[in-house]
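*Asks:* These are the residues of each chain, in order.
Protein chains: 2
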Amino acid sequence: MSIVLLAKDLGLSISTVSRALNGYEDVSAATRERVILRAKAIGYQPNPNARRLGAGKTSTIGVILPAAGSTGQAVDSMYSSLLGGVVTEIEPAGYHLLASMQAKHDAARENALFENFIRGGWVDALLIVRTRVHDARLELARAAKMPFVTYGRTESDQPYAWVDTDNEKAFHLATTRLLDLGHRRIALINGPEEYSFAQFRRRGYLRALASRKLKPDPAWMLHGELTEASGHELCRSLLSHRPAPTAFVCATDSMAFGAIAACREAGLAIGADVSVIGYGNSSLSAFCDPPLTTVEHQVFENGRYVGRALLQLLRKEIQPADVHYLEPVVLVPRKSDGPAPVEA
Amino acid sequence: MSIVLLAKDLGLSISTVSRALNGYEDVSAATRERVILRAKAIGYQPNPNARRLGAGKTSTIGVILPAAGSTGQAVDSMYSSLLGGVVTEIEPAGYHLLASMQAKHDAARENALFENFIRGGWVDALLIVRTRVHDARLELARAAKMPFVTYGRTESDQPYAWVDTDNEKAFHLATTRLLDLGHRRIALINGPEEYSFAQFRRRGYLRALASRKLKPDPAWMLHGELTEASGHELCRSLLSHRPAPTAFVCATDSMAFGAIAACREAGLAIGADVSVIGYGNSSLSAFCDPPLTTVEHQVFENGRYVGRALLQLLRKEIQPADVHYLEPVVLVPRKSDGPAPVEA
DNA sequence: AGGCTGGACAGAAACGTTTTTGTCAAGCCG
DNA sequence: CGGCTTGACAAAAACGTTTCTGTCCAGCCT
Numbered sequence: 002m003s004i005v006l007l008a009k010d011l012g013l014s015i016s017t018v019s020r021a022l023n024g025y026e027d028v029s030a031a032t033r034e035r036v037i038l039r040a041k042a043i044g045y046q047p048n049p050n051a052r053r054l055g056a057g058k059t060s061t062i063g064v065i066l067p068a069a070g071s072t073g074q075a076v077d078s079m080y081s082s083l084l085g086g087v088v089t090e091i092e093p094a095g096y097h098l099l100a101s102m103q104a105k106h107d108a109a110r111e112n113a114l115f116e117n118f119i120r121g122g123w124v125d126a127l128l129i130v131r132t133r134v135h136d137a138r139l140e141l142a143r144a145a146k147m148p149f150v151t152y153g154r155t156e157s158d159q160p161y162a163w164v165d166t167d168n169e170k171a172f173h174l175a176t177t178r179l180l181d182l183g184h185r186r187i188a189l190i191n192g193p194e195e196y197s198f199a200q201f202r203r204r205g206y207l208r209a210l211a212s213r214k215l216k217p218d219p220a221w222m223l224h225g226e227l228t229e230a231s232g233h234e235l236c237r238s239l240l241s242h243r244p245a246p247t248a249f250v251c252a253t254d255s256m257a258f259g260a261i262a263a264c265r266e267a268g269l270a271i272g273a274d275v276s277v278i279g280y281g282n283s284s285l286s287a288f289c290d291p292p293l294t295t296v297e298h299q300v301f302e303n304g305r306y307v308g309r310a311l312l313q314l315l316r317k318e319i320q321p322a323d324v325h326y327l328e329p330v331v332l333v334p335r336k337s338d339g340p341a342p343v344e345a
Numbered sequence: 002m003s004i005v006l007l008a009k010d011l012g013l014s015i016s017t018v019s020r021a022l023n024g025y026e027d028v029s030a031a032t033r034e035r036v037i038l039r040a041k042a043i044g045y046q047p048n049p050n051a052r053r054l055g056a057g058k059t060s061t062i063g064v065i066l067p068a069a070g071s072t073g074q075a076v077d078s079m080y081s082s083l084l085g086g087v088v089t090e091i092e093p094a095g096y097h098l099l100a101s102m103q104a105k106h107d108a109a110r111e112n113a114l115f116e117n118f119i120r121g122g123w124v125d126a127l128l129i130v131r132t133r134v135h136d137a138r139l140e141l142a143r144a145a146k147m148p149f150v151t152y153g154r155t156e157s158d159q160p161y162a163w164v165d166t167d168n169e170k171a172f173h174l175a176t177t178r179l180l181d182l183g184h185r186r187i188a189l190i191n192g193p194e195e196y197s198f199a200q201f202r203r204r205g206y207l208r209a210l211a212s213r214k215l216k217p218d219p220a221w222m223l224h225g226e227l228t229e230a231s232g233h234e235l236c237r238s239l240l241s242h243r244p245a246p247t248a249f250v251c252a253t254d255s256m257a258f259g260a261i262a263a264c265r266e267a268g269l270a271i272g273a274d275v276s277v278i279g280y281g282n283s284s285l286s287a288f289c290d291p292p293l294t295t296v297e298h299q300v301f302e303n304g305r306y307v308g309r310a311l312l313q314l315l316r317k318e319i320q321p322a323d324v325h326y327l328e329p330v331v332l333v334p335r336k337s338d339g340p341a342p343v344e345a
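These protein sequences, in sequence, are chains A and B. Per my numbering, the first sequence runs over residues 2 to 345. Per my numbering, the second sequence runs over residues 2 to 345.
These aren't lab readings, by the way, just hints derived from the structure by calculation. A portion of the hints provided could be inaccurate.
Pairs involving identical chains hold if they fit within one copy or between any two copies, as the list cannot separate such chains.
Simulated pairs of lysine-lysine, DSS-like, Cα-Cα distance not exceeding 27 angstroms [unchecked claim]:
1. Lys41 with Lys317
2. Lys146 with Lys41
3. Lys9 with Lys41
4. Lys336 with Lys146
5. Lys9 with Lys214
6. Lys170 with Lys216
7. Lys336 with Lys58
8. Lys41 with Lys58
9. Lys317 with Lys146
10. Lys214 with Lys146
11. Lys41 with Lys170
Computed from a predicted model, the values in this text were never measured in an experiment.
Build the full structure now, drawing on both the sequences and the hints.
*Replies:* Spelled out as structure tokens, the structure:
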């Protein structure tokens, strides 16, 4: 009953107060000012639920967080930064972020959650993260005419709004660097292949090899979870090949740390006997031993970009097809890689 | 107009349909069943906004994420796991998580956001994280009669619902382990002192020293951000003391990695010349070199506990004073610590 | 038989906005 | 001067639920 009280207090009608507060043109500047001042004075705040019901808008953006790992016990910490960036942008515009989480690794249930988000009227727009090569969520959102931005690209015959990091270039850079250092046996420790980022990374890796006329060996392109344990295990199995790889490009710094541990266990000196390059430039990568050569990746900034795109889409200032932001990517050379060892 | 259609379809009144769907007793079992079946068949989903307005409940739990670091550029990744746990519990009960973020390191603005959350009717309950020794947010929540659970304790003369990890015991364990290894010059690399966890950790450290009749040196208890860079810097400054500490207990694994880097730069062998113990048992700690001795800390599980407590509070099955969960804590011995070096 | 109880449902108010439509006077034009 | 526009506000209808208050009838007791 709050706007009612404010209206009574001002001797105006409810509708005039509402329109004054929402900046409509058909209320005089003087009245508008008076209303705004008085509202602030008595501490009036519109009830968000009533506002939502009345206007059919929720001022909320939904995101479904993927649980990381097969256990579903942890969330990929990268999303902390991404969402931090998103919230930083949307908060001042009066939007909030409604987070839900995918139960385990279950695409069907994830889609059901999405349906609920869309059909239930919980949110005005969606952020779709960790895109798969073929991603049903895009179709669901489109069918419901719900604006969305994806973080990561996907295969789609229709235009859609995406923000992505240049995975292909990143891995082209990393692989080329190793080639320049003389390496010829370079393994790829990649993320799960259903995710599109893994495809782009593989593509960059393959393109770099091809530019030197090197034939890739499928046995040297492995996939696994984005964890130290997985990087460790994949690297161990790669090291058992004869001849063994002399260099590893890894999908994340975490995987790189796992790979480094495996190399060390095999008695190899990192940066001399074997080279490892990570991805993400995690805060740790500069402090470990040896400091990790990796690829810079501004997750927080990407989140801000996503937030801005979402806002523009919501305001119809922009079309989905206009949101194509590919983060440029730079290699951060440190000490975990070096010239290829001379053959025994 | 959706429940209206459903009611028409069934030949029942709106109120009966509503009450059937919400499991009230004054609708016959047969009718209830019929309504539920039909609702599912035509895919009826109650509009959450209308429901919220009608019932005055939001089915939403609010949390304000602290931005980590003075730059406000990143979110502490620990919260990914914590919130993951919370969502895992509240999601099945129909609750969602509304996340907002604190702008930079700004307690005043954080409190304003809290006020907005509370007074604006956005949420039914609050999760208060990263408690400070004196935390105004508790008073704000209490004044608004908004149920809440804190993650971390604080100083308060009234009972409140909290979930916390046993910081004091953790640091008592770690410090005692170092004492048992013969160390006498043990430094504490702690988090920002306004946070209560830092106080508890210091207390554990001091208690361990006191039990061996050792006098703590205030110059050896330093505070800083929970980052590698900060751990690195604090450790460097501690190493410049003469005599220098032979061991470091750190507030997080990240700080420990920074400290280890500083020790290495000083030419010290980790686990031999100098011992370092971390906190958190991050996934990396087992894979770094040397593997980090640290304290196990189940953030995801704590999040689940928080979620359950919130739900019980909301259902009034429990009083705030009954929610006092102190996570037991275990030390994970690895290789970053060892016997105190013999004096030169 | 009359009153009381309780079960099963219906009617209607309330929730607090937004938005559509309406009113009314002042100003302008021909 | 009469009709038309326009500026500034008001009235009332939505928005889709929940919940409070009825209503009605069957069954029971005394």
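*Asks:* Are the hints correct? Go through all of them and say.
*Replies:* How the hints compare with the structure:
1. Lys41 with Lys317: neither (30 angstroms within a copy, 34 angstroms between copies)
2. Lys146 with Lys41: This pair counts as between: shortest inter-copy Cα distance 23 angstroms, intra-copy 36 angstroms.
3. Lys9 with Lys41: within (15 angstroms within a copy, 44 angstroms between copies)
4. Lys336 with Lys146: Neither, since 49 angstroms and 56 angstroms both go past 27 angstroms.
5. Lys9 with Lys214: The answer is neither: 80 angstroms in one copy and 71 angstroms across copies each exceed 27 angstroms.
6. Lys170 with Lys216: Answer is within: at 19 angstroms inside a copy they meet the 27 angstroms cutoff, but 57 angstroms across does not.
7. Lys336 with Lys58: So Lys336 and Lys58 fail the 27 angstroms test inside a copy (52 angstroms) and across (56 angstroms) alike.
8. Lys41 with Lys58: both (23 angstroms within a copy, 25 angstroms between copies)
9. Lys317 with Lys146: Only inside one copy: Lys317 and Lys146 sit 13 angstroms apart there, 39 angstroms across copies, limit 27 angstroms.
10. Lys214 with Lys146: neither (47 angstroms within a copy, 70 angstroms between copies)
11. Lys41 with Lys170: neither (51 angstroms within a copy, 48 angstroms between copies)
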